[in-house]
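Enquirer: Assemble chains W, H and L onto chain F, guided by the hints.
Each chain is listed here by its residues.
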Amino acid sequence: MSRTIELTTEAAKFAALLQAWGLQPFMIESSPDSRSAAGAVRFGAAAVRAAAFFAFWLMIGGNDLLGLPVGLATAVAASFVSLRLMPPGRAKIRPLSLLALTARFARQSVISGLEVAWRAFDPRLPLNPGFIAYPLRIAPGGGRSAFCAFSSLLPGTLPTGTDAGDALLVHCLDVSRPVSADLAAEESLFMRALGYD
Amino acid sequence: MSGALDLFSIAAISVGGFFFLAGTVGLLRFPDPLCRLHALTKVDNLGLGFIVLGLIARSDGVFGALKLVAIWALVQLAGATSAQLIARAIRRKEQIGAKSAGGSPAA
Amino acid sequence: MNALGAVDLGLALLVLAIAGWTIAAREAFAAIVGYVAYGLLLSIVWARLFAVDVAMTEAAIGGGVTGVLLISAAARLRQAQTAEDERPTLPLRLMAAALSALAAIALGAVILSLPEPGPSLAPLAAKNLAATGVGNPITAVLIAFRSFDTLLEKVVLLLAIIGVWSLAPDRYWGGAPIAPRAARPVGALTFLAQLVAPIGVVVGVHMVWVGADEPGGAFQGGAILAAMWMIVMMARLSEAPPVGAPWLRAALVAGPAVFLIAGASGAVTSGAFFALPQAFAKPLILIIEAFMTLSIAVTLPMLVAGPPRRAPL
Amino acid sequence: MITAATLSGLTGAILVGLGLYGLIADPRPLRKILAFNILGSGVFLVFGIIARRGAAAGFPADPVPQAMVITGIVVAFAASALAIAILLRLVSETGRASLRPDTPGAAQTPGD
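Residue numbers (the working numbering), protein chains in the order written: chain F, 1 to 197; chain W, 1 to 107; chain H, 1 to 313; chain L, 1 to 112.
Source of the hints: derived by calculation from the structure; they are not laboratory data.
Taking lysine to any residue and the SDA-like style, the derived pairs with C-alpha atoms no more than 25 Å apart in a straight line are:
| id | chain 1 | residue 1 | chain 2 | residue 2 |
| --- | --- | --- | --- | --- |
| 1 | W | K67 | F | F150 |
| 2 | W | K67 | F | A106 |
| 3 | W | K67 | F | V110 |
| 4 | W | K67 | F | P69 |
| 5 | H | K127 | H | L151 |
| 6 | W | K93 | H | I71 |
| 7 | L | K32 | H | R76 |
| 8 | L | K32 | H | L90 |
| 9 | H | K282 | F | L58 |
| 10 | L | K32 | H | L102 |
| 11 | W | K67 | H | A47 |
| 12 | L | K32 | H | E86 |
| 13 | L | K32 | H | W21 |
| 14 | L | K32 | H | A17 |
| 15 | W | K93 | H | A74 |
| 16 | L | K32 | H | A97 |
| 17 | F | K92 | F | R192 |
| 18 | W | K93 | H | A182 |
| 19 | W | K93 | H | R181 |
| 20 | W | K93 | H | R26 |
| 21 | L | K32 | H | A74 |
| 22 | W | K93 | W | R36 |
| 23 | W | K93 | H | V186 |
| 24 | H | K282 | F | P69 |
| 25 | W | K67 | F | A46 |
| 26 | H | K282 | L | P60 |
| 27 | F | K92 | W | V69 |
| 28 | W | K67 | F | R107 |
| 29 | W | K67 | W | L7 |
| 30 | L | K32 | H | P88 |
| 31 | L | K32 | H | R26 |
Source: prediction; values computed, not measured.
Okay, chain F solo, but in the shape it has when bound (with noise of 0.2 Å):
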């Protein structure tokens, strides 16, 4: 009997570090049931975070080889702040999606921008700006500031921080424009790349 929990336990562990290792960089789903397990997903989102940054540790320092063992332990003390800030949350990455909402911004970002900048050269300044309030869906927390960051990046929309509910409060240059509805494909295409729905 207890042989078979410990085999569980082990399992768990094993399936726990496969995951942080191979399909989930950077954070990973925790799992509340088995201490152990949860320890070992940790230990995998140290790895995984000091993967991370051992790389940008040559992607800063180039081909210096004296240097690779200063970067490996640089990057375990960073994956050590890392965890000591931001423990192992319940976010993973799809790939995909991540592709697809890249694709979205980079298009979002030239469109308003191109608009951004048309309204500041026209001489009669066309501006309506205001606010609105857009429901979160993405609960709070560290997907729900990622997001905020996301959206403060596209011309065109602010998050000034939420009111007493759980709406964001954005200014926009312009509020006759579908804020909104651009707002809530971005959030959906987020929580599906970030893994949050």
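Expert: Only chains W, H and L this time, still in chain F's reference frame:
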């Protein structure tokens, strides 16, 4: 370097310069701080994106290109955060002003 | 005048205009924002003088960390206003202006009459660079050729910390300072800190590591690490430690202590204080730099956080 | 012909003048600290052109003055931090951000 690549690089950097110019014009012409924030943080970031794109074409090797992308990403992150913080501060200030004037806060 | 000359002239005028604005602005907050912009522009001037190491230090410390220090001070000073009648009278201000103009003109005249070609220690530094094993002449000067300056400068930082802490009221002694931070947790700031702080750790260490051979070093890398800790505290993800914490004190003195030990061991092995044995010069310099980085990364945020403002637990 | 280095040096000289004026003429202590920092950066810039003029031996600038400017920037920051801590303590003791030794309301002496 091939001519086509140079041409692409020149074009992308020029487009980036255009967006920076538009952002600056917006910064000077838009009527209130929140609108000016739009011009400053977003259109400028778009300009930076195009300039980075143009420079990637001229970068030496993959590492140089990735470094440029990392710079762009960090500037985006900083821009997103500061835009939200400033916008938040302005809205709260306006709300307090509206409340003390007896009006309802903008929503 | 070529294009680059025009850029230089424009840059100089911009720096002067912003400095003037910083002096003249009515609001303290506006003046400080001006000062931060001034620090960043100044770092471009430094880059134009081919002093990349100085440019990085100026941007990180002159612009960034000093900016946080000043803004948090201005926020706490908002209530305490200086009476308008303390402004000097017009004749006095005119005299001050005349004196300042005289100083500037005299300095300008000196600059225009500097000998041509300028005297330089660069050949001397170049000749001895190989002995240190490092490739960045500025790191060599800081740690090897003028090590006393650098050591004393580290001691000055320690003295400043002691001075700042000494200003705590008795009841708070041994307690923790309150670092500048958001009034309540803000999602955007938390997100930034969570994402940027670990990346900043990698960048900061990288900057120290390459500082041996390229622009960078303990000051620049340490300032970046310090900034990361400050961002984390600003986002309220971490608190400033109590000033009595042993690890904090160890980290504060680690840099100067290791530096001193290296110097003293030089006195024993090579017969002169700070005579680093040539075979180990580069590893020794790197070890000293590592501990200096740690001390700078801890000292700068603690200087910004100020004296303890909480009773010890 | 004024070179880029000389231009920066002259900029530094004017910055010293601006900072000196602010340091003397502005009564507000925080602004004095700001002005002091501008004065200091002007001095560093003058030092910087001495480094640039000392370009030799394959270095674009003399490394010795550069290294000293780096330590200088850090020391200037430490001095500012100490000054601000003293100022904040002064304010918490007296309630006023003022360097005037007399109490508020007392007759002021001209030329103080």
